[in-house]
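S.K.: Each protein sequence line maps, in turn, to chains A and B.
The working numbering applies: residue 109 is where the first sequence begins, and numbers increase by one.
The working numbering applies: residue 109 is where the second sequence begins, and numbers increase by one.
Treat each hint with caution, since some may be false.
Computed list of lysine to aspartate or glutamate pairs in EDC-like fashion (alpha-carbon distance at most 16 Å, straight line) [said to hold, decoys possible]:
# : chain 1 : residue 1 : chain 2 : residue 2
1 : A       : 329       : A       : 358
2 : B       : 453       : A       : 358
3 : A       : 184       : A       : 150
4 : B       : 420       : A       : 416
Residues on chain B that point at chain A, a partial pick, calculated with CB under 8 Å [unchecked claim]:
#  : residue
5  : 130
6  : 183
7  : 369
8  : 441
9  : 533
10 : 538
None of these hints come from the bench; they were simulated from the model.
The C-beta atom is built at its ideal place from N, Cα and C for all residues, glycine as well.
Number of protein chains: 2
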Amino acid sequence: MINTLYLPEIREMLEAKDADGLREFCVALHAGRTAEFMEGLEPLEAWEVLQATDNATRVAIFGFLGQDTQVEILEKGEPAQLAPLIAEMPPDDRVDLLNRIGPPIVEAILALIPTEERRDILRLRAYPEGTAGSVMTTEVAKFPESLTVRAALEALGRHAQGFETIYYIYIVDEENHLCGLVSTRQLVSHIGKPDVTLGELMERELVTVTATDDREMVAAKVADFDFLAIPVVDAERHLVGIITHDDVIDVLQEEATEDAHMAGAIEPLEESYLATRLIRLTRLRAGWLTVLFGAALLTALALQSYHDSLQKIAWLVWFVPLVISSGGNTGSQSATLIIRALTTKEILPKDWFTVVWRELLIGALLGAFLASIGYLAACFLAPTPAAAMVIPVTLVLVVMCGTLLGALLPLMFQSMGLDPALMSTPFVAGIIDIVGIVLYMNVATWLL
Amino acid sequence: MINTLYLPEIREMLEAKDADGLREFCVALHAGRTAEFMEGLEPLEAWEVLQATDNATRVAIFGFLGQDTQVEILEKGEPAQLAPLIAEMPPDDRVDLLNRIGPPIVEAILALIPTEERRDILRLRAYPEGTAGSVMTTEVAKFPESLTVRAALEALGRHAQGFETIYYIYIVDEENHLCGLVSTRQLVSHIGKPDVTLGELMERELVTVTATDDREMVAAKVADFDFLAIPVVDAERHLVGIITHDDVIDVLQEEATEDAHMAGAIEPLEESYLATRLIRLTRLRAGWLTVLFGAALLTALALQSYHDSLQKIAWLVWFVPLVISSGGNTGSQSATLIIRALTTKEILPKDWFTVVWRELLIGALLGAFLASIGYLAACFLAPTPAAAMVIPVTLVLVVMCGTLLGALLPLMFQSMGLDPALMSTPFVAGIIDIVGIVLYMNVATWLL
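Chain A with its partners taken away, still in its complex shape:
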């Protein structure tokens, strides 16, 4: 919900060029709140409001604006005004943002940024999308192990604003090799013993990731261990960055969206729904649709091959959608459950036999249940109760096939080293459609 509470006042101040009023508005609340109140403004209006305040506040509020707004500000703003903002933004966030705008604009802004920051941006931009490197930040509290608790606290105090988190301190040697970790919790609890060195306190057995690791795996690690941050190292164990809890939350949310899209047979969107261009969105959907359409064409061929039976026993046709959707729906359920459980590691590859066995049993129960409703309906539409038996018999078989395939296909993908989420539920349903028609026709031929 957009909060329009202050919009008229802000617009009045903008018109009157009331810099004091705007500055006051920018600093009065938590930056996240201020950004919320600015949501109703046009991106360039928001940017004009931010000109009234100091660069640090500007960076803080800008960081909470919606991504689409941020992109538009970068695309339409003055590079000379944008450069100080980019120079001060957290390294991971700015790289993420710069990756979303056109190269000419990026170059124009980069040209105005101090050399050191520019190098940092270029280095992080080199990591491919989806890797740990693409979400890490380079602003890390790094200290040598000889430092005392007192000196460490003082150093932290001086640089507190420059680090993305000051709650984990990483201990490195002269060559920047990662040696250990001291939490600020430990520092504070040793405040009575200020001469203890970091080397004495540090934990040496660290969970680390490398910059090329898959970001989803990294996020899962941080989530499992309840870490505030995780260090990123290279092949020689040099500390190259950290990934913090807030980035992990973002990754988990983006991955959940990706999985939801894959489950719905859509190639994952990289931007938000409204920011994705119509043609691109159509293309991202057309791929899977073509595959599914191909599968559906097979159902047409299958039905054609049973042409004679269908002509003779016309009422069979009426139940075709019912039979295949029953299989498809139970199959979708199984696929949904198994894919999600594989993604969250509730099911491990070694469980496959249990899973398949459970799904078969559940399929038998659900099949019997649907078959009993189906039989009642079939008795109304079929010429005799005996003929109507085709429907319940088929339903039990189709539903069991549905749960079996719904479980097996994602497990198969997983065991082939592919993401089980790639096995979209409509695809599972599409395969079951074909199987369903073949089963139905064979049961009918056998019983009638």
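Assemble the complex: chain A is given as a structure, and chain B must be docked to it using the hints.
M.R.: Okay, now just chain B, sitting in the frame of chain A:
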């Protein structure tokens, strides 16, 4: 993947009752790592291993064991051994766990726990599942505003182990009203000015939640603002607890699972897939299946009512599954996109017109694309190319109906104040099946 590296050694030590060896194993690594290595053990074996170490380490490792393992340990362990563990566990985690085991066992354990801890457990257990209260912890660093930076750091140092996070300090008055917040980052950066009071540093404009707020909304707030924790207050602004970043990650993951299940037409499981009993799992799936089966029965009735046309033009039947699945698949895509975008607030209610318009346009594009493939296929199966035109015309209409309904149904649910995720994609597909058959038959009657 279960790490079996140390399993033989651990089992040997258990058999030999090698307490020193087991204690060494428990403390050698990060608790999360140790728990990983114990995953291959039976729950009671793991519990036996944990007996070798001190209570604090035991609590830390236990916290990283899988939930199913934790539940089994509580159900089968000795209450006398379990009570010290429960007494030391983080308040939110232990309540979560106790909610999953039978009342007689809970009572047996609670009877052995110190009064104060027991009261805390009973108070937190009173909050309904799904509320902020049910995930919050009561171990908060609370200080008066008159405290100086030096005194605050010293107090934190003394109690560092007792708080779930020491990185946010909450300032309360004598009646426990929440007045403000000081971060440890601020404390540390004022280490050179130790006589400054917390009252001078504290931020007064706080984002808070109440214990009865929906936990999903709370998690979204913490995620949006990149907070480490959020304070929970009652109606009189008394500080009753906090919700920390790790709980937020858990909530977000659980909600993503819930949404995935709803999208797949399954009532959300409360426990993991393997821990949910077969009968219960069947029941959670049967509800939606019955609704979907009801919708599918309508397709049978629809087809029956077109009996005469289908008898005359037999080849029409072959394309029934193709036509309805094309509508269902594009509809599922639209529903998936819109539901996810509504959940992540990428789409707001005010955008509904844009969304519907975009989906109609995309529907027209995708429809035209599928129609052209469909026409080629139909030319092979239909008697004349003119007759085959029924298929492409129907496909365009059905696909546009699919995208329209796929977008409208979740938007409608949202505007009725319901969770748009309740609108499962198979249900959307089921409705489109019926619409598809009616459209198909009407186009056929009109063209042939």
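S.K.: Given residue 183 of chain B was flagged as interface, is its beta-carbon under 8 Å from a beta-carbon of chain A?
M.R.: violated, 19 Å
S.K.: Taking the closest Cβ pair, is residue 441 of chain B under 8 Å from chain A?
M.R.: With Cβ-Cβ at 5 Å, under 8 Å, it holds.
S.K.: Mind checking the alpha carbons of residue 453 of chain B and residue 358 of chain A for me, to see if they're no more than 16 Å apart?
M.R.: With Cα atoms ~14 Å apart, residue 453 of chain B and residue 358 of chain A stay inside 16 Å; holds.
S.K.: Just to be careful, I want the Cα atoms of residue 420 of chain B and residue 416 of chain A compared with a cutoff of 16 Å; is the pair within it?
M.R.: holds, 14 Å
S.K.: Between the alpha carbons of residue 184 of chain A and residue 150 of chain A, is the straight-line distance 16 Å or under?
M.R.: Since the Cα atoms of residue 184 of chain A and residue 150 of chain A sit roughly 12 Å apart, the hinted pair holds (cutoff 16 Å).
S.K.: Grab the minimum C-beta distance from residue 533 of chain B to chain A and call the hint holds if it beats 8 Å, violated otherwise.
M.R.: Residue 533 of chain B check passes; min Cβ-Cβ to chain A is 6 Å, inside 8 Å.
S.K.: Interface hint check: residue 130 of chain B, Cβ to nearest Cβ on chain A, cutoff 8 Å. Holds or violated?
M.R.: With a closest approach of 18 Å, the residue 130 of chain B hint is violated.
S.K.: Run the distance test for residue 329 of chain A versus residue 358 of chain A: straight-line Cα separation, threshold 16 Å.
M.R.: Distance of about 14 Å is within 16 Å: holds.
S.K.: Against chain A, with CB atoms and a cut of 8 Å, does the hint on residue 369 of chain B hold up?
M.R.: It holds, given that the least Cβ distance between residue 369 of chain B and chain A is near 6 Å, below 8 Å.
S.K.: Answer holds if the nearest beta-carbon of chain A is closer than 8 Å to that of residue 538 of chain B; otherwise answer violated.
M.R.: The hint holds - residue 538 of chain B has a Cβ within 8 Å of chain A, the shortest such distance being about 7 Å.
When the structure is compared with the earlier hints, violations turn up for hints 5, 6 and for no others.
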